[in-house]
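Colleague: Sequence:
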Amino acid sequence: MVYDTRRARMVVFGGSFASETWEYDGLDWSQRTPATPPATRAAAAMAYDEARGVSVLFGGLWLGVVMGDTWEWDGTNWVAASYPGAPPARSHHSMVFDAARARIMMRGGGPVSGNPDDTWIWDGISWSTLPGPVPTTSFRFEPMVYDRDRGTVLHLSPGAIAAESITRVWSANGWDSHGAPATGTALPYRHSYSAAYDPVRRRAWLFGGRTDHSTYGDLWEWDGTAASNLLPHGPGCPGPAGTPTLEMDHPRLGGGWFVSLTGPYPATAFVFGLGDTTWGPIPLPAPLASLGMPGCSLNLAPESWCLVAPTSGVAAYMINATATQGLSPFTAYCQALCFSPGANTFGAVVSDSVRVLVGRY
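Residues in the sequence shown are numbered from 22 upward in steps of one, following my numbering.
These are calculated hints, taken from the structure and not from any lab test. All C-beta atoms, glycine included, are put in the ideal place defined by N, C-alpha and C. Treat each hint with caution, since some may be false.
[Said to hold, decoys possible] Here are the computed distance ranges between Cβ atoms for each label pair:
1) GLY301 / SER235: 54 to 60 Å
2) PRO308 / PHE360: 16 to 22 Å
3) LEU295 / ASP90: 22 to 28 Å
4) THR298 / ALA123: 25 to 31 Å
Build out the structure end to end from the sequences listed, making use of the hints.
Modeller: Here it is as structure tokens:
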């Protein structure tokens, strides 16, 4: 079911035993009788293309046959789309219109067995796969919604990975995963739920769902600000042991979390900051070649640092954030300076940098 914004009505197609098209205008339901309806199917997905004013349907399942056809409804008739290439046939998938990029996004679902791990877009002419990172797990029975205020696509996934609660956000760089809450507020595992975006309160809603043993009737919301997350930020530079890589566990307001780095470094300085555009008069990232570190750069504006000696090859530091309990979620950055005699004139290399979204869970 989708909402046709141009004609101000809901559009519904199909079901378990029907090839029917119905519309609801806010007062009454009416059955439409198009000349060329799609074949009977269940578990298909639809999205309304606001840029072209058509409802788009893809795939589905009927009598054990998984479908991979694309149809468009213009309010009068269904038209089968002809295009070069096509996504693999699937059912129980999700589609949503990405208004910021004027295209329909499709993800998840699967054939009778197995789930495709891909993300596709439909621009009205052809299907194409999206570049950039994709989630490491596929999903079925899990809808996506479009966040109009932030211009992103959200995939709310309560239980997609070992009963964890994950919210994935699509940006220009690919999918970012917002981890499960560190407190007891994680959504219980479920599938086959409904989701929608509330533009008035600027948050996504999730309702209901089921498992093999339970049926849910609860309502959850995602405000896009409370979740903590770790995102890649900037590159490091290589030394004799390769490029050092930061590792960090789940950050949270009012709590503490560890940052660590593994490697043959006699000492490591963890550097923390709140900005990444300038450091005083110096624009960032700042090349460090003038200090004898060619190919290295400072990716953040330092606010504090801590020098750590390794234990069994691992330098680790606990960030105590108990004083942040009453603060609003904020963004911080971390990078490490790893002393490596002989790596260059300065005798050190830098790690990659991480952007840390410190939230309430």
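Colleague: Sort out which numbered hints this structure fails and list those numbers smallest first.
Modeller: Failing hint: just 3.
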